[in-house]
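**Q** Between the sequences and the hints, there should be enough to build the whole structure, so can you do that?
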Amino acid sequence: MSVSPAASREYPERAALRFVLNGRPVDVWAAPQETLLAVLRDTLGATEVKYGCGEGVCGTCTVLLDGAPINACLTLGVHAQGRTVTTVRGLASPAGATGAAADGMHPLQRAFVAHEAAQCGFCTPGMLLTAYAFLEKHPHPTRAEIRAALGGNLCRCTGYARIVDAVEACVRARPGREDVLRDP
Amino acid sequence: MYLPPFRYFAPQTLDEAIALLREHGDEAKLLAGGQSLLPLMMLGLARPGVLIDVNGIPGLDRIEAGGDDVRVGALVRHCAVETDPRLRARCPALADAAPLIGNIRVRHRGTVGGSLAHADPAAEVPLVATALGATIEVRGPDGARDIPAHEFFRGYLETALGPAEVVTALRLPAHGARMGHGLAELVRRSGDFAMVSACAVLGLDGAGRCTHAAVAMGGVGPSALRMRAAERLLVGQPPGDRALDEAADAVRDEVAPESDVHASAEYRRAMARVMARRALRAAAARAGGASPDAGPGAVRS
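So the sequences go chain by chain: A and B.
Heads up, the first sequence is in the numbering used here, so the first residue is 641 and it goes up one at a time.
Heads up, the second sequence is in the numbering used here, so the first residue is 825 and it goes up one at a time.
Quick caveat, the hints were computed from the structure, so don't treat them as lab data.
Ideal Cβ positions, reconstructed from N, Cα and C, are used throughout, including at glycine.
One should not assume that every hint holds.
Output of the computed footprint for chain A on chain B, the stretches with three or more beta carbons under 8 Å from beta carbons of chain A [said to hold, decoys possible]:
(1) 835-841
(2) 862-874
(3) 928-937
Among chain B residues calculated to face chain A with C-beta under 7 Å, some are [said to hold, decoys possible]:
(4) M825
(5) L827
(6) Y832
(7) L844
(8) G858
(9) Q859
(10) S1014
(11) G1015
Negatives, chain A to chain B, calculated, CB over 12 Å [stated by the list, open to error]:
(12) G663
(13) G761
(14) P779
(15) D805
**A** Below is the structure:
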C-alpha cells in the first residue's frame, strides 16, 4: 500500500528533540503527546518549572520560548524543536539572561529576596520569568504597568504587593532611573 | 500535565492538512496555538484521536497590509497583532483587542485563526471581526472561499467551516477617515473571558453625523452578535449623549443573554447596556478626532 504525502507526516512514537535549555544544548527522546512541561520536569529533571493548573491560567509553569513567556503546560514538547527555552535557572546564569551577575543572582531575584516577595515560593519562578520578559521589552514601566504585566500570574500567599514592590525596586535601581516611577 | 493519547501529524502544506482532515474526519482536530484545544483536552472535554498540527505550514503567519484592507494570516499570534504597526494603522480595533485576550503567555502562542475557528462567544477576535464586517478566508478540498463574519459564526463554538476546511486568514477593512472604534469589556479577574464585551465602530460625515454604525456584543449570546436596532438608531444622527443613550438602551433590549455560573441573565443585560455605551463613547470620540482618554485602547472593568 502506498503512503500519501500527508500520511507520511505522522510522527513516530518518539522522536529526537533538540533545543537549547538555559544556554546548554539538550537532546532527548520525546513523544509528540508530551507537553513541554512534561519534557522539562520528567525527562530533564528541571523541577524548577512548576505544575499548577495545567490549563494555562495560573502562570506557574511559565518558561521563555525564544525569550517570550509561554505556558509550558499548553505547549507540546515538539514545539521547542530547534529553539531556546529559559527556566528560572537560566535567569541565575549569565549565559541565560542579560543582566545576571557573576554571583549567579539576577537583579530581579535579589530584589525578590530583599523585598520578601515569596512566601511558599511556588509562583516565584513564573513571576520572575514574566517580570524578566516584561522588563526586557518595557525597561521603564509604571507601577500600574507592572501590575498589569503580572496580571496573568497567580499568587495565593503574598497578596502581590511585595512582588510588585520587588519588580519596581529593580526598575528603580537601574542606573540613571532613580526617578523612573511616573505614577503614585 | 498529561494529555490523553492521540495520533500526531505535522503537515508541511495546506493541501496535506486538508487531505488529513478528509482522511480522519470527525476524529481529527487542527492544532494551532493550542491555548483553547489543549486545555479542553487536559480537562477531558475534548478527546480527538488525531491532532493535525498546522504550525509548520509556511506562509500562514504573515500580516499583509493593503490600501483598503489588512490580511492577517491564520497563524499570526495575538502578540503580533498587538504590536504590528501596519495593522494598528489600518485596524486599530483589532490591535486594541489583542491585549485583552487571556494572558501574556496565551497571546504568545494563541493564533487569530485558532480563535476564529474555536468561536467562543466571549472571545475578542470574533467580536472585532463581527463588528468590522470582516471576511474569513478558508480553504478546503474544493478550493478557497470567503465567508463574511456574520455568516461564519453559527452558534456556541460552532462555525460555517466544512469538515475538511481550514481557516487561512482574516481580512479586515481598513478604518476610513473620520472613523473610530471603541471596545469595552466586563471581566471579574485578569485573564478571564469577558462576561460582557462590546465593540463599536462609528463613521462620521462632514457635518458630524453617523454615516456608519456597527455595534457587536460578545458574551450575551451563542456567538458575537451585531446589534442592528441600535445601529439603525445611530445612522444619520450626531453621536451625542442622547443618541448614544438610546442606542445603548436598544442594545439592552436586543440582547438575550442566559444565566450561568458567572452572571445572571439580568445582570448581563444591564451590563450590556453599560459596555455598549462605553464602547460607543470611545468610538464617537475617536471618529470626531479626539482621543477617548489617555488610557489604554480599551476600557476594561
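**Q** For every hint, state whether the structure bears it out.
**A** Each hint, compared with the structure:
1. 835-841: Per the Cβ count (5), the hint holds.
2. 862-874: Per the Cβ count (4), the hint holds.
3. 928-937: That given contact holds, which follows from 5 residues of the stretch 928-937 of chain B lying within Cβ reach (below 8 Å) of chain A.
4. M825: holds (5 Å)
5. L827: holds (5 Å)
6. Y832: holds (4 Å)
7. L844: The hint holds - L844(B) has a Cβ within 7 Å of chain A, the shortest such distance being about 5 Å.
8. G858: holds (6 Å)
9. Q859: holds (6 Å)
10. S1014: For S1014(B), the interface hint holds, since the closest Cβ of chain A sits about 3 Å away, which is under 7 Å.
11. G1015: Since chain A brings a Cβ to about 5 Å from G1015(B), closer than 7 Å, the hint holds.
12. G663: Since the minimum Cβ distance to chain B is about 21 Å, G663(A) lies beyond 12 Å and the statement holds.
13. G761: holds (20 Å)
14. P779: P779(A) clear of chain B: closest Cβ-Cβ about 16 Å, beyond 12 Å.
15. D805: holds (19 Å)
Consistency with the previously given hints is maintained throughout, with no hint failing.
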